Structure formats: structure tokens, C-alpha cells
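From first to last, the protein sequence lines stand for chains A and B. Residue 120 in the working numbering is what sits at position 120 of the first sequence, and the numbering runs on without skipping anything. Residue 1227 in the working numbering is what sits at position 227 of the second sequence, and the numbering runs on without skipping anything.
A hint or two may mislead.
Unchecked claim - With a straight-line Cα cutoff of 25 Å, these simulated SDA-like cross-link-like pairs (lysine to any residue) come out:
{"#": "1", "chain 1": "B", "residue 1": "K1068", "chain 2": "A", "residue 2": "S403"}
{"#": "2", "chain 1": "A", "residue 1": "K44", "chain 2": "B", "residue 2": "G1067"}
{"#": "3", "chain 1": "B", "residue 1": "K1124", "chain 2": "A", "residue 2": "A257"}
{"#": "4", "chain 1": "A", "residue 1": "K10", "chain 2": "A", "residue 2": "V31"}
{"#": "5", "chain 1": "B", "residue 1": "K1068", "chain 2": "A", "residue 2": "A257"}
{"#": "6", "chain 1": "B", "residue 1": "K1124", "chain 2": "A", "residue 2": "F261"}
{"#": "7", "chain 1": "A", "residue 1": "K10", "chain 2": "A", "residue 2": "H26"}
{"#": "8", "chain 1": "B", "residue 1": "K1068", "chain 2": "A", "residue 2": "E401"}
{"#": "9", "chain 1": "B", "residue 1": "K1124", "chain 2": "A", "residue 2": "V31"}
{"#": "10", "chain 1": "A", "residue 1": "K10", "chain 2": "A", "residue 2": "D298"}
Just so you know, these hints were derived from the structure itself, not from any lab. Small disclaimer: the values here were computed from a predicted structure and weren't measured.
Number of protein chains: 2
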Amino acid sequence: MTEITRQHCKDLDAQDPLAAMRDAFHLPEGVIYLDGNSLGAQPKGARAAFDRTIDVEWREDLITSWGKAEWFTLPERLGDRLGRLFGAAPGQVVVCDTTSLNIYKALRAAMGLRPERRVIVSEKASFPTDLYMIEGATMGSDYETRLVEPEGDIADLIDADVAAVLLSNVDYRTGRLLDMERITRLAHEAGALVIWDLCHSAGVLPMEMDAMGADFAVGCTYKYLNGGPGSPAFIYVAERHQAEARQPLSGWWGHAAPFAFEAEFRPVEGIRRFLCGTQPILSMKGVEAALDVFEGIDMQTVRAKSVALCDLFIRLVARHPGCADLRLITPEAAEERGSQVSFAFDEGYAVVRAMIERGVIGDFRAPNVMRFGLAPYYLRYEDMFDAVEIMAECIAARPWEDSRFAQMAAVT
Amino acid sequence: MTEITRQHCKDLDAQDPLAAMRDAFHLPEGVIYLDGNSLGAQPKGARAAFDRTIDVEWREDLITSWGKAEWFTLPERLGDRLGRLFGAAPGQVVVCDTTSLNIYKALRAAMGLRPERRVIVSEKASFPTDLYMIEGATMGSDYETRLVEPEGDIADLIDADVAAVLLSNVDYRTGRLLDMERITRLAHEAGALVIWDLCHSAGVLPMEMDAMGADFAVGCTYKYLNGGPGSPAFIYVAERHQAEARQPLSGWWGHAAPFAFEAEFRPVEGIRRFLCGTQPILSMKGVEAALDVFEGIDMQTVRAKSVALCDLFIRLVARHPGCADLRLITPEAAEERGSQVSFAFDEGYAVVRAMIERGVIGDFRAPNVMRFGLAPYYLRYEDMFDAVEIMAECIAARPWEDSRFAQMAAVT
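So here's chain A without its partners, still in its complex pose (with noise of 0.2 Å):
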């Protein structure tokens, strides 16, 4: 077992392909930013889009900017831009909304397309708001919700009663990596469609959804899209679906002429009947600033990176005496993994704390789950080092003896 030196991690830095990327980022001074699965740093070229948009669009131009400054567009723009990230042609992808919403949209349009099936599948470890989502859609209705348990396998859930399949192709917790080729293919094979929630996977994974042949997919900006706090989320949904996908939240945006007033709706052709309302704006340039640092960039190299930060700190953690009471709860295979590392621990909460007020932040996940996402743009080697020998002497100094740490709050 060599070991690992702060050296070998600043040679690796070195010869970084994507090294530059991170100067396109602000970064607190003595901060390691782990939690870039939670909120994304800020791009530099955020505070120019906003400058634009608040004093010459909105405060100069105002009302006319809807045309001028092009945001009656934007959903599509940004979709369109965001869809090259995760192998989606053109015309399929809007941002809008939330989420949550998002789903919601997915899951009654897969719903209607698959008219006398009555069972949607997840899994009981989903981030939740998939499961209330789930819910809400099939509130009042006769739906079943049938969920995989954490070491099931979902083709075991899956027949010619499943309207839908909700997933979430990275665990917001483990982090573990589903097969979605292979879960797309069952469904399809049991004339089931498959809504994927690509939160902690856009913009850090590769993906072929068009080439996979995937139906729907959501998925949140502010993460490693980097489109600022609560930044609008996006929608997926396949070309060929789009015609016949109806979805209840039929606001004027999804209309075919929204400055008609006509009294009826009547669903736009394409992508666009997957908005609703008037999107923040303000909130949307921070994802269009976003995309241009990915502008050029390509995938296979951000999951390079990825995966090598990923071992580096699995490894580092492996190797160190005083992280010995952590168990790795990610797949220890990069193909079985997205872009983070997490760790079961019991003082899990106390810790993690401890090393924010030491400048490296990660995140805490009830009930005892570290969680650490790692932002190939904006993260180095030597962090991973640094990172966890913080880490390690935080350990050691017990913070869970400390009150200022003994209730819980969020950490988001």
C-alpha cells in the first residue's frame, strides 16, 4: 500500500485536463466546497448576466425585454443547451419550474400515455419529494405504488401493470449509480415508461438519453449545473411522446397561441406544453451563465476527473487511521457511482459540522450519513487530500462532546 502524499495529489492537479475550468468559478478563500450536489459555486460570468438583466433589461428596457432581451425564449434556449449535457437533441428539453413540479408533470403525462395501467414504481430510498410527488399525482385515484427496497432489484417490480417508473439515477444518499440502459429496457420491454430525476447526475455524468431511448426525464440547476440558489429545474421529454403527453398543469405558457386568449387550451406542439407559468427570470440567467462555462467542455473528461476525485478520496479515507470508524457506504466501482462519497457514522452530524467551521464543507443526510459531492470544475486533488486530513482531526477532537453540535439542524 504506497502512500498517498499531498505531493502526489498537487502532481496530479498539474496535468488536470480540466484545471482551467475552475478559474471560470468564484471559491471562498479557505473553503473546500463539497457540497457542490447541494448548491454549485457561482459562476464568474453570473455577475454580468445578472448586471444586464437587472439594469438594462428589466430597470432600462422593462416590459419590451420579453422580446428584446429574448425571455420569452429562455426555457427553450437553456433547455436546448442543458439537453447537449445529458445527450438530448434539441427540442426536447425546457427549463422551468421545479422539481418537484417537473415530476409532477412527467408522471401524469406517462400516466395518460399508458391509460389502463394503474401501478407506478420507485424506490423506498428515493429523495422523498419523488415519492410524495407520486403521491400527489395519483391522489384520489385508484394508483398503486409499488417500491423497491434498498437491496431489491426493480426488475422484480416491473410488469404489464407499470404505467411508470420514477428513479433517481444517482442515490442522493450513497451515491450509487443505476444501470438506467439496462432499468430503461425492462420497462420498455414491459410497455412501461421511465421517468429519470437526473438531480445529482446533470452536468456531472455523461448520458445518452436519446440513445438510450429514455421517455422522461427532471432534474434541479443548482447543483452541479451550477445555476445559482433555487435556480429553475428542467423537464426531458422525448420527441416522440410529446405529440400525444398531456399534463394538468396547462398554464397559458403551454398554450399554442398564449397571446390569443383563447377560452380553451390548446396544447403547443412540442416541448413548450411542458411550462406553465412565467419563469423568474433573474433565477434563469444564473442557469444561461451557468451553461457557458460548460460551454466546449466535454463529458467524458468531466467523468474522468470525477471518478479520479472520487478514488482518490475513497482511497485517502481507506488509508487513514483516524477515519477507520467511517464505513463507505458508495460503491466502491466508479461504474457503480456518480459524483460523490459518502460515509455512514453515528456522530455523522457533529462532524461534519466541525469541519464547516474548518472550511470544508460537506454535508450531513439523516440518519447518519456524510456526504460529500465532489464538483470536478472546482475541486483539486490536493482538496481531496486536505479535505480529509481536516476531517481526520475533527475526529479525533470528538465533536459530538461538544453541545454547540448536539442538536441537529438542517445542513441541506
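Position chain B relative to chain A; hints supplied.
Quick look at chain B alone, frame taken from chain A:
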């Protein structure tokens, strides 16, 4: 008929108790902005609020701002402040999502509160998204929608089969103001619930939602409330309905313990159960800055000036020979209108475009409505005088014979 002179208007401005409020807004040089009912002007304080959120909260403090900058509680903190403007006690309003989405929540909640009833009442001339959301909310069910004709009385449509009545108190085209108390009382006498769409009244009309026993209300914050382009909407739910009210957009933000990550949805007590997903923080900050402008402002004073501006505008147009072909479609009686003045004119589109070129920004609504929203915070009596003079000059120039204005485009 005494002449109204420009000097007379300037004298009115000199006595205006709201004159100082104008200084709280950025207004472009050379522009008379009569489109505050589409997108309000920018409060000067917005810049500092945005700067703090961009440069400190997001850039420096990153994920910790959810707690440290109190992003978590923005929906209800802004809601409480907003509620004061329309007579809602704290704990009944949240700022979130879009008007269309909030209509959906309110409709589904009202339908759930009146489960044995199968009729929704609205009006044919409603802003279309309201009707589209009724279609969505009743999609696939056996609900009937009854729409009152423009000249009809809503009372004729309300009976014991009606679950909910959805109405805009101020008509977006004509500016006509409904008698909210009468309709609320009639609906309640029939056992129905009322959902008020306040898009064209919130922030400009004094209302007493609690006192009139209102049930639900929704509205946007980017018109007379000046929150910025696409800033999030609001929803009001009377406290007495909250415990029983359920709505299917049941995302994690409406959960009793969002960070306990429970698999089943358990709605939080109170108004937060009308939240769904993560809100666009930057756009929320625009609402916060806008509400600062309203601090200490009496809505009766706002209304008095709004009425006076509209009266003046109507009189100026009526007396101007150059405007003789315009037909006023806004009620002349102040108590029957909101804060806008609209005229029917077949060549209205070209005239509005020509006026915009001269710096007088109004808007146009198909098929023939020239619409002027008069925001009393930043408009002067003098502006009314100048706007009408310019309108008359534009009409005299017959812009509809100009090919530049031949093709109608959305003015929003």
C-alpha cells in the same frame, strides 16, 4: 367643461402625498411607463438586495445561506408582509411558484374541501390561464365548468352544485372591478368556496381578505408589486381552511419534516403546505426589495391616487378631439374599476406601437384593446397629460398605414 392644463396637472403633483414614493423607483429617462400592470418598474433598493445575495450569500456563504441568510423562511416571511397589503393576517400567505400553479393548488384544495360538488364557476372573459388551469385541475374527471358571459351576473351560476368560484377581481382587459364582498357572500350562502385571482389588484387596491371571509387568493408579484420579471407568485389560504386543505403538488417543502426524509407525505401544519419545491432565491429577493417600498404605506392613499390618475386620464382622453375614435371600455365609476384604463380601438395595436416609439409604454390585448396600467407609486399627473397628448399625436399620424406596425407581435 373646464380645460385641463399641464400646469393644473403639475399642481396636483405638487400636492401628491405619494410623490416621494416615486423616488424609490428607477424610471428610464424620457419614458412614461403605463405598463406597470405587466411588469412593474424597478425599486432602487433591489440592486443592493441582489448584490448581497449574489456576492455574499451565494458566492461566499454558499450552502450555509439556507440557514444563515434565512432563505428557508423567505416564502412565509415575504407572504406575511405581502398579506398586509390585502388584509391578510400573518400565517396565511406564501410567496412561491407561479400564479398558474397556485391556481391549480387552490382549485384542487377547494375541490377537496367540497368533495360532493362537481361544478367550477368562472368567467368567459377571464385571463385565459385561469381557465386553462381549471381544465387541468378537472382533467379526466366529471366536473362541469360554468362560465359567465361578459354581460352576465355570476350570481345566476352559483348554486348548491358549485365547489369553487374562480374570478379575477380586476379584469385584465377592461379593468372592471368586481364586488368581491357580494360574490364571496353569495358563494358562501350556496356553500361554495371562492378563489380570487389578484394579479391585477395586489399592491394597488386596498382589500380586506380576512374581513370579507375570503377562502383562497392567488396573484403575481411582478405587476403592481414590482418584484421583477417573473418574480414568484403568492397564494393566500384562509387559516380556517388550512388544516383540511390538501393539494396534490405535495413536494418536500410542504412536508412536516422536510429533512427527516420520510417516505410518506405528511403535510406541515399551516400555510407552508402550499409550498412544493425549492424557490428561485434571487427572484424572491426582488419581491423582498419591492415590499420594502410598501413599508409604512397606507393602501388607502395608494388607492386615492390611483383613482385620481385614472379619472384624469379618462377625462383627458374624453376631451381631446384627437382621441375621439377611442371607446372607453373601463367603467367610469371609480368604485367599479382597478388601476387601469382601457380603450377599444380597431387600430389600437399600431397606435400602442407608435406610442412606445415615442416613449409612452402601454400595451395591447387582442383583439382591439389599448391598455394602460397606472401605477400610482411612480406616475405623476403630469405624465397623464403628456401621455394623452402623445397618444393623440400618434393617432393623427395614422401608424396603421405604416408597414412596420402591420404585423402584430406580442407586447405582453
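How the hints compare with the structure:
Between K1068(B) and S403(A), the direct Cα distance comes to roughly 20 Å. Compliance with the 25 Å bound is thereby established for this hinted pair. The straight-line distance between the Cα atoms of K44(A) and G1067(B) is roughly 24 Å, inside the 25 Å bound, and the hint therefore holds. Only pairs whose Cα atoms come within 25 Å are accepted, and K1124(B) paired with A257(A) is accepted, the gap being roughly 17 Å. At roughly 17 Å between alpha-carbon atoms, K10(A) and V31(A) fall within 25 Å of each other, so this suggested pair holds.
For a cut-off of 25 Å, the pair hint linking K1068(B) to A257(A) is broken: about 44 Å separates their Cα positions. As the CA atoms of K1124(B) and F261(A) are separated by approximately 11 Å, the hinted pair is consistent with the 25 Å bound. Annotation: proposed proximity of K10(A) to H26(A) holds, straight-line Cα distance about 20 Å (limit 25 Å). The suggested pairing of K1068(B) with E401(A) holds, with an alpha-carbon distance near 24 Å, which does not exceed 25 Å.
Of the supplied pair hints, the one linking K1124(B) and V31(A) is violated, its CA atoms being roughly 57 Å apart against a limit of 25 Å. With a C-alpha separation of about 23 Å, the suggested pairing of K10(A) with D298(A) holds against the 25 Å cut-off.
Hint compliance for this structure: hints 5, 9 are not met, and every other hint is.
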